Structure formats: C-alpha cells, structure tokens
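Asker: Chains as they are written, first to last, in this note's numbering: chain E, 141 to 538; chain V, -15 to 376.
Think of the hints as simulated: they come from the structure by calculation, not from any bench.
In this text, all values refer to a predicted model and were calculated from it rather than measured experimentally.
Glycine included, C-beta positions come from ideal geometry on N, C-alpha and C.
Hints may be right or wrong, so weigh each one.
[To be verified] Some chain E residues judged to face chain V by a derived CB distance under 8 Å, without partners named: (1) Gly197; (2) Thr228; (3) Ala232; (4) Gln466; (5) Leu469; (6) Ala474; (7) Leu483; (8) Ala484; (9) His488; (10) Gln492.
[As the list claims (entries may be wrong)] Here are the simulated SDA-like pairs of lysine to any residue, each with C-alpha atoms no more than 25 Å apart in a straight line: (11) V:Lys211 / E:Ala187; (12) E:Lys490 / V:Leu36; (13) V:Lys211 / E:Asp479; (14) E:Lys490 / V:Phe13; (15) E:Lys490 / E:Glu208; (16) V:Lys211 / E:Ser383; (17) E:Lys209 / V:Arg221; (18) E:Lys490 / V:Lys211; (19) E:Lys499 / E:Ser404; (20) E:Lys209 / V:Glu220; (21) V:Lys211 / V:Asp308; (22) V:Lys211 / E:Val406; (23) V:Lys211 / E:Glu480; (24) V:Lys211 / E:Asp457; (25) V:Lys211 / E:Ser236; (26) E:Lys209 / E:Phe460; (27) E:Lys499 / E:Ser236; (28) E:Lys490 / V:Ile16; (29) V:Lys211 / V:Phe13; (30) V:Lys211 / E:Ser404; (31) E:Lys499 / E:Val406.
[Claimed, not checked] Interface residues of chain V toward chain E, partial, derived using beta-carbon atoms under 8 Å: (32) Phe13; (33) Pro40; (34) Asn43.
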Amino acid sequence: MGLKQWFWPVCLCWPGMAFGHGATGDSNASLQLGAALSLNAWSAGAADAQGYWRIPGVLMGGEALPVEKGIVLEDAVLWGAYRINDQTRVQAALASHDGGVELEQASLGYQTRLAGQPVQMTLGLQAGDFTPSAMTESGSGQLLAGSLLADAFWGRSFLDTGLQLAWEPYEGVTLGAGFWNGDAFPASSGEGAMHVQVQWRRPVAGWSVEAGGWAMQARAEQRGDARYNGDGGHSHAGSSAASPVDVRFDGSTRLGGVWLDVASPVWNDWRAGLQYEAVRVRPDGALSDGSHVADWRADDTGYAITPGIRYGQWRLDYRFERLSLQNHLQGAGAAVLADESALANSRHPKRQSLQLQWKPGRAWTVQAGYTVDQTLSGEHSGRYGLGLVWQDVLYERE
Amino acid sequence: MRAGIRGWYGLLLMVFGTGMSGCVEQDSFTEIDTGDVADRTFEWNIPARFPLPREPDANPVTEEKFQLGRHLFYDQRLSGNGTFACASCHRQSLAFTDGLSQSVGSTGQLHPRSAQALVNVAYNASVNWGNPSTVSLEQQTPIPLFAEFPVEMGLNDANRDAVLARLRAEPRYTTLFAAAFPQQVDPVSYDSIVLALATFGRGLNSFNSPYDQYEAGNEFAISTEAKRGMALFFDERTECFHCHGGMNFSISTFDRTQTFADTSFFNNGLYNLDDRGSYPEGGQGIYEITGRQGDQGRFRPPTLRNIALTAPYMHDGSIATLEDVLRHYMAGGRNITVGAHAGDGRNNPNKSGFVRPFALDEQEFSDLLTFLETLTDDSFINNPRFANPWEG
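Whole structure, please, built from the sequences with the hints as guidance.
Answerer: So this is what it looks like as structure tokens:
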C-alpha cells in the first residue's frame, strides 16, 4: 500500500526525505526488485482495554488498526518493477501486515502525450495518490503514528483496483483522476469510487512548495467495519471481548481535501518545513444492524499540521491532528445505532506527536517519538514509540 | 459513478471550503431524532433509557385494560372448571413461573413445556418457546385459554358461555370491562378478555435489578465478583451474550426502535436421540412447526432477567439449577448416557455454533453465577401493581 507510484514519482514529503517502501520512481532500470521492512515498538496501545479502536463520532473501517503495545513488524514488502518499453511498465508488490501475505500492487503503467504534454495512465491494483496521506501507512510514513485523517476517513491507506490518469498541462501543474472498483474504504466492492485532483509543485524563491486539492465520491452497499466484523472473512480483533455490533452502511460518501508541503532553502545543513492537510467528509445514507434502521448523514472535518526541522541526517517533527465530527441520525433506530456504531459523540478527537528521526544510511531510518492520544477519550493517553525502517533495491538491471 | 453535475459542484465547493474549515474549530455533536417512539403515557415500568416495546394498533395499551387484565389473570373463574387461573402457573414471587419442570393444567394434564417467565414479554419477538408464527401476546393469549392438547385453562365450547356468565356476575367486572372498552355495548367477551390479558402481560416489565442500577451509574449496586462475572458473560469465551444479549438478555427482542424483528431460535445441545439431532416428541422446538430436521431442538432464547427465580430450566425443565445450566454450557451440551433420552447432545448436528465447550475455574464459575443473580429484580416480584387484586 505504501509503495510510491512508479509513474507518479511525486515526492510527497520533503525533497529527498521520503522513505516509503520503495523510492523507485526515478530509476531507468528495466528491472528492479526491492524490499522494505518496518519494525515498531510502542509503550502502550491506542485502543481501549477491549482492543477495539473506534473513534467516537466517526464510522471507521478499512485497515485503520490501532498501534499495539510491544514490538510489531508493521510492514514487510517485496516489490518489483519491469520496464517493457519506454512507455510501458508493470509493477507488483507483496506485503505482509498481520502475518498473512497479500498482493498489494499489480499494475500496468503507460505513458503518452496529450496536447504535447505528458499523460500517465496506471491500470490495476494500486494505491490512490489523491493526497500524500493516502499513500503512506504507519511504519513507513513520516511519523510513527500514521495519519489520523487517513485512519478516520479512508481506512488508513487507499488500495483499490482501477485506473488512474495524470496529465501535466503546464510544468509543475498536474491534473489527475481515478476510477475505482470500490474495494477501498469508504466504498464497498463493486459500488465504485471516483476522484479528481490537482497538484502544484515548483520552487518559489528557493523554497520548495507543493500543494494539492482533491475530491472523491464513493458508494457503499452493506459496508461493515472489516476490521472487527469479519467482512471478507477476517477480523483483526485480538481480544476475546465481545465484538462491536455489525452495523452496516448503505449510501454515498463525498470527500474533499487540500494539502500543502513547504520546505525552506537549506542553510548550513539546516532546513525547516511545514505540512498541512485538511479534509472534509460527508457521508449520506442509512445505517442498519439487521433489525434497526436509521438515516445517517454527517459533516466531518479534520486537519493536521506538521512543522519540522532537519539538520543533516537528523529531523525533528511535531504534528497536531484534530477532528470535528457532526452526525445527524434520524429514525426509530437512531439512538440504538448511534450507540452501536459509536457515532454518539460531542468531543474533538485529537492527537499530538513529537518525533526525532535519524537516517544513518541510505537504507536505514531510526525513529523515536512520543504521542499524546485523545482519540478515544478526553483524557491524555501518552505513549512512547521506536521505529526502525529498512528499505533497499535488491536487484537492478539496466 | 452516478454523481450528477450538482454533486460534483458540491464536491468542488467542498474542496475549496475544506482548507478554511480545517482551520476553524468546529463543534462536534451527534443529533438523534427517533420520532415519536418514546411516548410514555402508560405506566410501563420501563426506565427512559430503554426503548418501549411495540404495541399493536388494534390493542393500544391503557391503564384500564391493564387493570382488567390483572383481575382476569388472577381469577380462577376464568378456567373451565373454576379452579385455575393464569396465575396458577405464573406466580409473581417466581417471576411468573411455577417452579415445576413441566406445568400442570386445570384438569391435571401435564404440559410438555416448562412455564415461561412473564418478564418483559412485551419485547418478545416471538412469544412461545418454539413457534416462530406466534409473534404477539394477542395471538398467544387464547392458547392457554382454549388449548386442548394439553388442557391449560380448560375453556371449550361446552363451558365458554358459563364462564362468561361467571364474570358478568362479578360486580367489579362491570366497572372494569366498561372502563377498558368504553365503546362497546357488551364488553364482556372473549375478544375483550384476550386484549386485556395481553395488555396486562405487556405491562409486566422488570428493569430495576442490581445490574440495572449498576448500569444506571450506581457503581456499588453489584459486587466485584458480579462485575467479573459480567465481563465473563459478555466475553467471546463463554459466548453467553450472543443469544442472551441486549437490554432484555435475549436477542429475540423486538422494540419500537427496530424495523425488523429478530425471531431467533437455537439448539443448545440438550438432546441427540438418534445422532441426527432429534429431540423427544412434544419438545422438538420449531421443528414442530416447520418439519425440517435441522430445526429439531431450536427454541427461542428466553430472557435471563430474574433467571435465578425461574428454576428449573430449559423448555422442559430438565435442568434443575442455575449451576447445572452453567455446567451444561461449559460442556458444550448434555450427554445422556442411559434411558429413553440417551444421546450425546454435545454432538447434536443442529447445535448452535455458540454452544461450545469452555473452561471456568472455580472462581470464574462463582463470578458468573453471581452476575446472573444480579439480574433478580426484587421490586418486580414485590410490585403491588402486578399482584393479585382479589386479595386484600
């Protein structure tokens, strides 16, 4: 899920600082094989005593799993890419998260021109690239804790089968669109999703500036919380405690977001940066649990702001993330379903993270961080984390 | 994607609005509009935090009907031979059960089933132990009145007019029937009796146990042992809550918040006469209605409210104590080694997947039992509103 797109090598972090599963985009090799591993250790888990991470006020799903206490192999990825000709490439990735191995990428990319400007098309199983936080996941992203916006609104990482298009009509400006089968939250398989986006990147007076805006519409039919209710036959609940009630959603979800990534010029090996992302999500449909039914619509917003500073191989980041969740349920079953789905809420879930990162070599990254988590309750819940990321190209042929 | 132009216009507005809205500290809230499901004019004996049961359009609850039903419930004159009342098998002190394995009707006939507790029966998605087609108290009430196999109250064509005459002769009924059915010229009829008895049953609600008080915020209402037992009860390890979950401790529950009723029936491995899952005749669950072998032994999970008062247990009263019920479920069913009912219920092919062996140590066993005892509602079994009006 975290593999950067071969044909869309947008460096979504600070220039030169990306450390996702595979920084493969600028290679001219005809064949590349690589691997990535990320190992995390946390002093405490993010979920409550029962092990279920359900942020009150938002219907979560996808792969938005809580961090767990102890040492966890977060990701193990093996990827490969083969250039068929100058215009066409195929790529694939196998990944393991919970012990099982899944095909996380299998796509064909084709590059051509429209009105004299490059167009890139990618067809197959791939990650959505509408926003930086859709393409990274815990353990492989910038911060150990992952993105709260991604966890709350699109199930951590957006992996689906579909077609993505990108056209660069002017230098530094890219227009894109994606047409999806709907396998990724908040859609349901076969119901479909679609996104459009615009991205802008160019240096301004020595500053690196990237920005983007996107919108998505997704439809769902009988969408449950695949994390805990066994959609597709699996559940990530590690506890023997009672599973949450299987509440299903039928309807559509509209999402929109903007993001900004600014980095200062390098001065004596120092560099400062700021990242900002805001998202708005508006689901509209019906909830049901087999016997209760209620109409549900919501207007949720969230933002994350991440100032940071880098010196040589060291980097220090602070991030503040906050959600505003406004739910309206109507119908005889409204109160019951609000309780069962954990939508009853009057708080602002938020999270603060401070992280020190050291990159001793090309392939290695070491992270140490502290997170104050107020997603489940109003009380501060702090935890320390350590992360180790390794990624490298194992084989390359010109 | 079927988003129209208007939808995409809205999406674009969202994108441009998002940047600003993300900066603004908006409120979080959840608005809940349940419509008019919370009309509590009638004295339901149900706390506001629980949804009300459904009531049929043809028989809305009124206090007058409830009081008439209460008088009829305790009146032996309503039986064919004038010796038996509904209350003969449904005693308030035992949460409206009779303490017998199998009930005995007005003529001495043995009933194949154990008398059910009349606790929160208004919520039952289906009313009987094993009949998915009987879904209202109005459907159920004539059965004990007129049933012949077995005879319960013993009403029949030969005595039905005489029974009505007995009721008409009681001066209190003149007032009670008239108040309950003010539109009727001659309200003393079996139709009225059924509606009144159903209304009385609909008002027999119990939500004031120590467990309820604990759930309402009184941390000291139940013991530490009971709290541990509660955790066990709602644990996947014991699976109890899958069949006995929800506010009524039975998933076969239907209230005003629900659009669809959950009429669930489970086989809990009580018998296995022929290794094909058969149950003894007369106690075969919904198989008696459907005729499907897979429905052998499937019964409605009863409420566990006041369960400590309703021994003996199961549809045929074949388990004497609550301790033995726990052991039954710990074993994943019952193995009967001798006699006419010999067979290993643990291997019943129709057994629910929720009934599987689990281990509890001595403390856990005691904790779980203690929790079940916290479901006893003393105010329910001593409530004068539900008591015999002919006494005192």
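Asker: Compare the structure with each hint and give your call.
Answerer: Here's how the hints hold up against the structure:
1. With 8 Å as the threshold, the beta carbon of Gly197 of chain E comes within range of chain V, its nearest partner Cβ sitting at about 6 Å, so the hint holds.
2. Because the closest C-beta pair between Thr228 of chain E and chain V is about 27 Å apart, greater than 8 Å, the hint is violated.
3. For the restraint placing Ala232 of chain E at the interface with chain V, the shortest Cβ-Cβ distance is roughly 27 Å, beyond the 8 Å limit, so the hint is violated.
4. Given hint, Gln466 of chain E at the interface with chain V, holds; its Cβ is 6 Å from that chain's nearest Cβ, closer than 8 Å.
5. For Leu469 of chain E, the suggested interface contact is upheld, since its CB lies about 5 Å from the closest CB of chain V, less than 8 Å.
6. A hinted interface residue such as Ala474 of chain E counts as satisfied when its beta carbon comes closer than 8 Å to some beta carbon of chain V; here the least separation is about 5 Å, so the hint holds.
7. Taking 8 Å as the C-beta contact cut-off toward chain V, the hint placing Leu483 of chain E at the interface holds, the least distance being around 6 Å.
8. Evaluation of the Ala484 of chain E hint against chain V yields a held restraint, the C-beta minimum of about 5 Å falling below 8 Å.
9. For His488 of chain E, the interface hint holds, the least distance from its beta-carbon to any beta-carbon of chain V being 5 Å, beneath 8 Å.
10. Contact between Gln492 of chain E and chain V, as hinted, is not supported at the beta carbon level, the nearest pair being about 15 Å apart and thus beyond 8 Å.
11. With a CA separation close to 21 Å, the supplied pair Lys211 of chain V and Ala187 of chain E stays within the 25 Å bound.
12. Proximity of Lys490 of chain E to Leu36 of chain V is assessed by CA-CA distance (about 37 Å); at most 25 Å being required, the pair is judged violated.
13. At roughly 22 Å between alpha-carbon atoms, Lys211 of chain V and Asp479 of chain E fall within 25 Å of each other, so this suggested pair holds.
14. Restraint check for Lys490 of chain E and Phe13 of chain V: the C-alpha separation of about 15 Å stays at or below 25 Å, so the hint holds.
15. Of the supplied pair hints, the one linking Lys490 of chain E and Glu208 of chain E holds, its CA atoms being roughly 18 Å apart against a limit of 25 Å.
16. For the hint pairing Lys211 of chain V with Ser383 of chain E, the CA-to-CA distance comes to about 19 Å; that is within 25 Å, so the pair holds.
17. Proposed proximity of Lys209 of chain E and Arg221 of chain V is supported: the alpha carbons are some 23 Å apart, at most 25 Å.
18. Restraint check for Lys490 of chain E and Lys211 of chain V: the C-alpha separation of about 32 Å exceeds 25 Å, so the hint is violated.
19. Pair hint Lys499 of chain E plus Ser404 of chain E holds up; C-alpha atoms about 20 Å apart against a cutoff of 25 Å.
20. For a cut-off of 25 Å, the pair hint linking Lys209 of chain E to Glu220 of chain V stands: about 22 Å separates their Cα positions.
21. Restraint check for Lys211 of chain V and Asp308 of chain V: the C-alpha separation of about 21 Å stays at or below 25 Å, so the hint holds.
22. Using a Cα cut-off of 25 Å, the hinted pair Lys211 of chain V and Val406 of chain E is violated, with the two alpha carbons roughly 60 Å apart.
23. At roughly 22 Å between alpha-carbon atoms, Lys211 of chain V and Glu480 of chain E fall within 25 Å of each other, so this suggested pair holds.
24. Pair hint Lys211 of chain V plus Asp457 of chain E does not hold up; C-alpha atoms about 44 Å apart against a cutoff of 25 Å.
25. For the proposed pair Lys211 of chain V and Ser236 of chain E, the alpha carbon gap of about 39 Å is over 25 Å, so the pair is violated.
26. Annotation: proposed proximity of Lys209 of chain E to Phe460 of chain E holds, straight-line Cα distance about 22 Å (limit 25 Å).
27. The straight-line distance between the Cα atoms of Lys499 of chain E and Ser236 of chain E is roughly 24 Å, inside the 25 Å bound, and the hint therefore holds.
28. Distance hint between Lys490 of chain E and Ile16 of chain V is fulfilled; the C-alpha atoms sit about 24 Å from each other, no more than 25 Å.
29. Pair hint Lys211 of chain V plus Phe13 of chain V does not hold up; C-alpha atoms about 31 Å apart against a cutoff of 25 Å.
30. For the given pair, Lys211 of chain V sits about 57 Å from Ser404 of chain E by alpha-carbon distance, which is inconsistent with the 25 Å threshold.
31. Our distance criterion of 25 Å between C-alpha atoms is met by Lys499 of chain E and Val406 of chain E, whose separation comes to about 17 Å.
32. For Phe13 of chain V, the shortest C-beta to C-beta distance to chain E is roughly 5 Å, which falls under 8 Å, so the interface hint holds.
33. A least Cβ separation of about 16 Å between Pro40 of chain V and chain E goes past the 8 Å threshold, and the interface hint is therefore violated.
34. Among the interface hints, the one on Asn43 of chain V is violated; its C-beta lies about 20 Å from the nearest C-beta in chain E, farther than the 8 Å criterion.
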